[in-house]
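Novice: Each chain is listed here by its residues.
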Amino acid sequence: MTEVKVKKESTDPVDIENRIKELCQQFPHGITDQVIQNDMPHVEAQQRATALNRLLSVGQLDLLRNSSGLLYRLKDAQSASKVKGSDNQEKLVYQIIEDAGNKGIWSRDIRYKSNLPLTEINKILKNLESKKLIKAVKSVAASKKKVYMLYNLQPDRSVTGGAWYSDQDFESEFVEVLNQQCFKFLQSKAEAARDSKQSPMVQRNSSFATSHEVWKYICELGISKVDLSMEDIETILNTLIFDGKVEMTIIAAKEGTVGSVDGQMKLYRGVNPIIQPTGLVKTPCGLCPVFDDCHEGGEISPSNCVYMTEWLDF
Amino acid sequence: MTTEIPRYFLEMTAQEVRLCGLLLQEHFGDVVEKVGTHLIRSGVLTLRALAHETKLALDLVKKSLCVLVQHGMCTFGPGRRGPAGPVEYRINCERILHMLRYPRYIYTAKSLYGDTGELIIEEILQRGQMTMSSTVKTVADRLTHNMPEGQSMDYSEVVSAFSRLVETHFLQRCPPMASAGSSSSGAVDTSLPVVTQPAEPESNPECYKLPYINLTGQGKRRRSSEDGEDDQRAAKKAKTDNSQCGDEGIYWQVNFLRFHLHFRDQAIISAVSCKLDQTSSEIVRTMLRMSEVTTPAHAAFTQALSANEIFRSLPSNYNIARPILDQYLTLLVDDPMEFVGKTGDSGGGMYVVNLHRALANLARATLESVVQERFGSRSARIFRLLLRKRHLEQKQVEDFAMVPAKEAKDMLYTLLSENLVQLQEVPKTPDYAPSRTFYLYTVNQLPTARLLLQHCYKTIGNLIERRLYETKENKRLLEKSQRIEAILASLQATGAETAQLTEVEEMITAPERQQLESLRHHINKLDSSENQVDETIFLLESYINSTQASR
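Residue numbers (the numbering used here), protein chains in the order written: chain L, 1 to 314; chain X, 1 to 551.
Heads up, a few of these hints could be off.
Claimed, not checked - List time: in silico PhoX-like cross-link candidates among lysine-lysine, alpha-carbon distance up to 20 Å: (1) 138(L) - 91(L); (2) 131(L) - 146(L); (3) 525(X) - 282(L); (4) 138(L) - 406(X).
Hints were generated in silico from the structure; no laboratory data involved.
Sequences are here, hints too, so could you generate the full structure?
Specialist: As structure tokens, then:
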């Protein structure tokens, strides 16, 4: 605790305010009312309250609540200047939006938090937007919903959808291209291993690629405009598993090995399907869209089936 | 020895009944079809009831039942009124459906035992049951007919092929009748007081014992210039040949179960070869061969084999070192498909082939293949995803499969409407309110396999009906072509001139020839696709039976 200089007693409101600001600077985490009282015992509660309110209204102090009571903190000079010239309501709304961080907040939620009528909210939002203090970001989950966040913040992944979304559109082609590239990489690795004619164990081990290797390969290919993380590549590799083209094993890896996450590494390998396309799908009936309506003597029957006629003449 | 759960104790679906009817008609004609179909639909009937309900003459019904019993498609036994009452008859639908697979059985016999084996199996399949001596004589005659002039097939060669088929259990003795039946198998006689149903073939300890037969000689060549009619009659009635050979009353039938095990093994070996490599599949083939006779029919895995034994039994042209074999075995065990499992460490490691697991994997691959071909690769991705992850919400499906929300929804609803995917509701509150319920998509492999099996039955029925239709449409043309062929054959036999032959040939016009050619092409295509669909049926049936046997 630094020593407090005993100043000449003064009840000048400006002095009180300045004193409070100095105390805030001394305690950057915030000061409680108790601290102010200890410092200036001669100042009455009423005067203290006035001073605090004035500082709050000009936006030089932040009012926070913690478990033990109210805290007053000095606001950044920068942010203080930003909202200068705005009235209280705007400041309130701005506060709420700032608190929402990079996830953004929906206009209806702003209304609940501030208890302001809808028309007021809309006016304020338009105002703030024109001052380039906030921006609206379309959410990928519901395309009509707009969330507001501070102008210079990067929207969070859950809002924009991450690497696979650009401007709210799911980039199917991009995913497809990545899918094919990863598969080609793994397939060529497996073929190289097979052709190497070494002992089977070595062959199998060399046909595996870690997710880190695949990630590096894709990054070096340079087909992606956005930066892709290893997790992104792993989601692509998972889709290849669901396509039945790739299988995955997890092995324990020492911490610190390149590409290991939590002491594990994921290995991927291209595989072949275990059967040829099954007999049923080689017939027109196997693929027929009106299979259930077909019976002898009906409008659609094997005797007059056009699919069969085409297939037989093929 | 475990036995197959007789499928005729379960209900037959409409598609199965339809298919059985089509097969009976094609192989045995209208009367047998009528009797057979009626019996399938009614379950169990006595002779009188059957004749009354089908409104056919008693004589005809008797003959139809004879045919069916001869082929093992119909069984009889004491009726509801006990041993003193009339005998009741029951159809074995599964046996009728095996008729689809006849080409595959014959082809397998050919690949394993050559032309002789092929003809033996073909003859026995055609007649249902035969004695060894009559089979040998008939097959020898047929083989002789195809040999160049002057040569003939010796009986002993056919006997040795027959013996090999019995040794490897592809042929088995028909279960002996407990009652004093006549020597022609399965003769129906309702006046006998005690008639018991034949037991399972393998309960007979002499099931695979070859009888001593007194048969030497060679096949006789049929001359086409001699009484053609006599020969035809003789060929049909080969069964009632009067010369005694010492094996009267011992009839042989095809052991379908053994063939099915062979097909199952083939499927597993081919899957291993696709997934891993040729050498691994040879190792699995060796393991299956070694445990052929020691593994019960519906076991979940083969007998445990030690690595030492496997090493000794590998084919001689596979020159791999012992440590390399160990590596291959380890890789087989580690493979996610789990074809092979390790059960112990003695003898260098004890290994088994996981039969039920392999069948489940094959069935799963079949289901996935159908979804992929019918609905596209992205729907197949969603299907595989649900098979792996069991239960997923809509949003999770979209995220894992990386498919845009709208398309994912569309695909899931299509799969749902086709019953390939099911919806499971998990309520958060007791009132099942939609906004407070989880809706989870899921795939159940067994019911989906059953559904696809029914589709297969319907598909084959469709293919057969189309084939019959095509033949019927072109009946006039086919008959004309047959007449022309007969005229040509007789002209050639009597040494006609080339000019005459050409004149007759030209009676079929060019467009007619083309039509005939296209008809032949159509029929062949329909035939071969029946066989292809039967392969799917085999995999699905084996999988479904394996799940029931393990209960």
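Novice: Are the Cα positions of residue 131(L) and residue 146(L) separated by 20 Å at most?
Specialist: holds (18 Å)
Novice: Next pair to validate is residue 525(X) with residue 282(L); report whether the Cα-Cα distance is within 20 Å.
Specialist: Holds: residue 525(X) and residue 282(L) sit about 11 Å apart, inside 20 Å.
Novice: Need the status of pair residue 138(L), residue 91(L): alpha-carbon distance at most 20 Å?
Specialist: Since the Cα atoms of residue 138(L) and residue 91(L) sit roughly 23 Å apart, the hinted pair is violated (cutoff 20 Å).
Novice: Is the straight-line distance between the alpha-carbon of residue 138(L) and that of residue 406(X) 20 Å or less?
Specialist: Holds, at about 18 Å.
Hint 1 from the earlier list is the only one contradicted by this structure; the remaining hints agree with it.
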